[in-house]
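For reference, the chains in residue letters:
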Amino acid sequence: MLRYIAKRFLIMLVTILIIVTLTFVLMHAIPGSPFNQERGTSEAVQANLEAHYHLDEPMYIQYLLYLKSIVTFDFGPSIKQPTSTVNDLLGRGFPISLELGLVSVIVAIISGILLGIIAALRHNGIIDYAAMAIAVLGISIPNFILATQLIQSFAVTWKILPAATWSSPKHMILPVIALATGPMAIIARLTRSSMLEVLTQDYIKMARAKGLSPYKIVFKHALKNALMPVVTILGTLLAGILTGTFVLEKIFAIPGMGKYFVESINNRDYPVIMGTTVFYSAFLIIMLFLVDIAYGILDPRIKLHKKEAE
Amino acid sequence: MKKGLSILFVLLAVFVLAACTANESAGEEDQDSGDQTGTTEEGTSENSGDKVLRLNNGVEPTSFDPPEGFDAASWQSLNNLMEGLTRLGQDHKPQAATAESWDISDDGLEYTFHIRDNAKWSNGDDVTADDFVYAWTRLLDPEEGFSSAFLGYFIQGGEAFNSGEGSADDLGLEAVDEKTFKVTLEAPTGFFLNVISNPAFFPVNKAVAEENPEWYAEADTFVANGPFKLSEWNHDSDFTMVKNDQYWDKDTVKLDEVHWAMVNETNTEYQMFESGDLDTSEIPADLAEDLLDSDQVVIDPQAGTQFYRFNVNKEPFQNVKIRKALAMAVNQDEIVEYVTKKGEKPARGFVSYGFEDPSGNDFRETNGDLVEYDPEQAKKLLEEGMEEEGYDELPPITLTYNTSDDNKKIAETVQQRFQQDLGIEITLENAEWNVFLQDQKDLKHQLSRSSFLADYGDPINFLESFVTDSSMNRTGWSNEKYDDLIARAKEEADEEKRWELMYEAEKVLFEEMPIVPVNFYNQVFLHKDNVSGIVRHPVGYMELKWADKN
Numbered sequence: 001m002l003r004y005i006a007k008r009f010l011i012m013l014v015t016i017l018i019i020v021t022l023t024f025v026l027m028h029a030i031p032g033s034p035f036n037q038e039r040g041t042s043e044a045v046q047a048n049l050e051a052h053y054h055l056d057e058p059m060y061i062q063y064l065l066y067l068k069s070i071v072t073f074d075f076g077p078s079i080k081q082p083t084s085t086v087n088d089l090l091g092r093g094f095p096i097s098l099e100l101g102l103v104s105v106i107v108a109i110i111s112g113i114l115l116g117i118i119a120a121l122r123h124n125g126i127i128d129y130a131a132m133a134i135a136v137l138g139i140s141i142p143n144f145i146l147a148t149q150l151i152q153s154f155a156v157t158w159k160i161l162p163a164a165t166w167s168s169p170k171h172m173i174l175p176v177i178a179l180a181t182g183p184m185a186i187i188a189r190l191t192r193s194s195m196l197e198v199l200t201q202d203y204i205k206m207a208r209a210k211g212l213s214p215y216k217i218v219f220k221h222a223l224k225n226a227l228m229p230v231v232t233i234l235g236t237l238l239a240g241i242l243t244g245t246f247v248l249e250k251i252f253a254i255p256g257m258g259k260y261f262v263e264s265i266n267n268r269d270y271p272v273i274m275g276t277t278v279f280y281s282a283f284l285i286i287m288l289f290l291v292d293i294a295y296g297i298l299d300p301r302i303k304l305h306k307k308e309a310e
Numbered sequence: 001m002k003k004g005l006s007i008l009f010v011l012l013a014v015f016v017l018a019a020c021t022a023n024e025s026a027g028e029e030d031q032d033s034g035d036q037t038g039t040t041e042e043g044t045s046e047n048s049g050d051k052v053l054r055l056n057n058g059v060e061p062t063s064f065d066p067p068e069g070f071d072a073a074s075w076q077s078l079n080n081l082m083e084g085l086t087r088l089g090q091d092h093k094p095q096a097a098t099a100e101s102w103d104i105s106d107d108g109l110e111y112t113f114h115i116r117d118n119a120k121w122s123n124g125d126d127v128t129a130d131d132f133v134y135a136w137t138r139l140l141d142p143e144e145g146f147s148s149a150f151l152g153y154f155i156q157g158g159e160a161f162n163s164g165e166g167s168a169d170d171l172g173l174e175a176v177d178e179k180t181f182k183v184t185l186e187a188p189t190g191f192f193l194n195v196i197s198n199p200a201f202f203p204v205n206k207a208v209a210e211e212n213p214e215w216y217a218e219a220d221t222f223v224a225n226g227p228f229k230l231s232e233w234n235h236d237s238d239f240t241m242v243k244n245d246q247y248w249d250k251d252t253v254k255l256d257e258v259h260w261a262m263v264n265e266t267n268t269e270y271q272m273f274e275s276g277d278l279d280t281s282e283i284p285a286d287l288a289e290d291l292l293d294s295d296q297v298v299i300d301p302q303a304g305t306q307f308y309r310f311n312v313n314k315e316p317f318q319n320v321k322i323r324k325a326l327a328m329a330v331n332q333d334e335i336v337e338y339v340t341k342k343g344e345k346p347a348r349g350f351v352s353y354g355f356e357d358p359s360g361n362d363f364r365e366t367n368g369d370l371v372e373y374d375p376e377q378a379k380k381l382l383e384e385g386m387e388e389e390g391y392d393e394l395p396p397i398t399l400t401y402n403t404s405d406d407n408k409k410i411a412e413t414v415q416q417r418f419q420q421d422l423g424i425e426i427t428l429e430n431a432e433w434n435v436f437l438q439d440q441k442d443l444k445h446q447l448s449r450s451s452f453l454a455d456y457g458d459p460i461n462f463l464e465s466f467v468t469d470s471s472m473n474r475t476g477w478s479n480e481k482y483d484d485l486i487a488r489a490k491e492e493a494d495e496e497k498r499w500e501l502m503y504e505a506e507k508v509l510f511e512e513m514p515i516v517p518v519n520f521y522n523q524v525f526l527h528k529d530n531v532s533g534i535v536r537h538p539v540g541y542m543e544l545k546w547a548d549k550n
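Protein sequence lines correspond, in order, to chains Y and U.
Just so we're aligned: the first sequence equals residues 1 to 310 in our numbering.
Just so we're aligned: the second sequence equals residues 1 to 550 in our numbering.
Don't read these hints as lab results, they were simulated from the structure.
Quantities reported herein were computed from a predicted structural model and do not represent experimental measurements.
Certain hints may be false.
[Said to hold, decoys possible] Taking lysine-lysine pairs in the DSS-like style, the calculated list, with each CA pair at most 25 angstroms apart, reads:
1) Y:LYS159 <-> U:LYS250
2) Y:LYS159 <-> U:LYS549
3) Y:LYS159 <-> U:LYS528
[Stated by the list, open to error] A few chain U residues that face chain Y, going by a derived Cβ cut-off under 8 angstroms, partial list only:
4) SER163
5) SER167
6) GLN271
Where is the CB? At the ideal position from N, CA and C, for every residue including glycine.
Bound-form chain Y, shown alone (with noise of 0.2 angstroms):
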């Protein structure tokens, strides 16, 4: 186990070093630059601003600055908002995102496994039939076209919600229902369909035989073996949910780190760039691996370290 961890871990060093890589290329790729503005500037602020961000380097020197911004995990200031670092940028939005996040990932979890067994155990019933017309609504809408319509109802029309912004519990409650309900709908699809499966099977009967009560059988015994496929797109759906999503967070005014992705790279904004990019990539990676070593866990038919298995 222990040697499989540290093995996962250098495959990941070396993973974010490649998307790190990637970004700086691409970044330097794409023509503009962050100081491209409509009206020029003098030759002699042009070249000052470019030493002060060191963009004058050779590129080599600049990458390594940049490796080096990583170790320390320092990636200096935002071009775009001269008086603010990028860690700063990141500390302020990604709490924000993180809780707007796990409240979603925790609602869309409990309700879609809820709905996936309810379906599975009323198979083919109207409850059934029920559940998964909310689930395919849930997938088939789009996320932001959903905000649009419940700030539409609530805050406008009903006016018993706030339409946007975050500054209380009450304002988490539209943006938290439009998150959550594309992932829940996922979730209680998978859960129903492994359900249906794993309540074929031949330890389910026997649990029957048993006698023991359906509450038992279905919590104890064939929920966790149903899980499986659930627990393996939580990782990116909770990387995904967490760190922020562009649209919602901008529909809904909440202060999150979504924006940052986009509006970096329009305004050429190289260290939030890059600053995003890893956080963002470091986070996905650790995800999948916490994935990973759940799913052992789960399945211990999985194994992680060949070795082991042998």
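Given chain Y's structure and the hints, the job is docking chain U onto it.
Chain U in isolation, oriented as in the chain Y frame:
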């Protein structure tokens, strides 16, 4: 199996704990900001009847450092937090502000400003001539690298210093005494009092700035000298300003508090306006037609022009007749009425409406329509031009625009007109803004979309864009006569003559037609019925000094 399960639980527990700590800190932060809002809310409820205006700034202000915040996101609020020597009044003309009066030397080169005795900073300090010398020197300092520095080129030695050739000591700035500030200019600049109302020319409290160079980064260190002061700033989320009781003209200010949200989505902004969370809102593009007739709509002109640039270095636009032919096939009325649909005025010249010459005539009205939609004439010119160049067939033409729905719709309308009226098939191409701008500057486009928004209220700001090699030219067009007219206009002390030169220059521009104007811009907003007195200047910044909410 049991072991596996327990490990799983441990992992889960770790995850949940991590989540909880994250949540806790997030919760703490929330509590903090909650407390803060709590206090302001308390403050509000204590003095119930306080006038709180709720506005939207769209995004985080780039910077509240005056020369650095050179964009609408910073101006809107900064213009109400601080004040320069002059401030644009309700008629958009410069009024006495921090300076109560000024003397101008006969040659128009020396301005001596007398700063009000009761002009104070929000911390109680006097606003002094030194604060202006300090701020304006910084504006031009090449080490600072402010993109607004070009505005200071009117000041003697300004351009040299900013280009790294001169020094700060040679600038024409002098603090004669504590309240007297003398500025020497490069050339007589009839509109100088207008230019210095721009936020880039706001004073900076020297004592505060020297002690804390980042004084402008947070609400508790910010010192204001305008109608309002900054009371709270939650970065990327919202900020609040309250009436500045140190302001010399505080009795005029009616609002007690202005709250700025940062909602960067027009639909949401409009929904917040509908639900009562905002007092003003922009109009979502899809609803423009329906909302434009509503009583709540306020339309103010903006000094700016949307236009297309020909690249005169690329075939077939080296030929002036072909340029004119295409220009005359652009139907401005059609675009304004059916495409942009925000009540804009069609542009048949480059300088927008709203600039009055010494005899009180509007520049645009005086200089008239310099290009008009005329398909017949266009066809004729096209034939003549093609003959001159020996074309049997026109070389392929590509129109490039920066990616946006509106730009696309306008380009398609133009494309259709060219096809219907002239039988020319052109290709449309779009590019992301930064790429687009770089290519346009490098003269890689053939025909490309552009917009110009004025920095200050004088036609010269528009017209000097097209002098040879200006960074705003981007057409490859160069004309000695035009360059000469602009150069003379910039030197001319006699206002009458200066305007004559500018009128003539614009005519030369349209005889040569390196551009096709499309429309002048508008600022369209919805205001709640109980909101009044918000002044939006054509140059882009707004005034809340006279605003009221009942």
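task: Return the numbers of the hints above that this structure violates; sort them in rising order.
output: Those not satisfied are hints 1 and 5.
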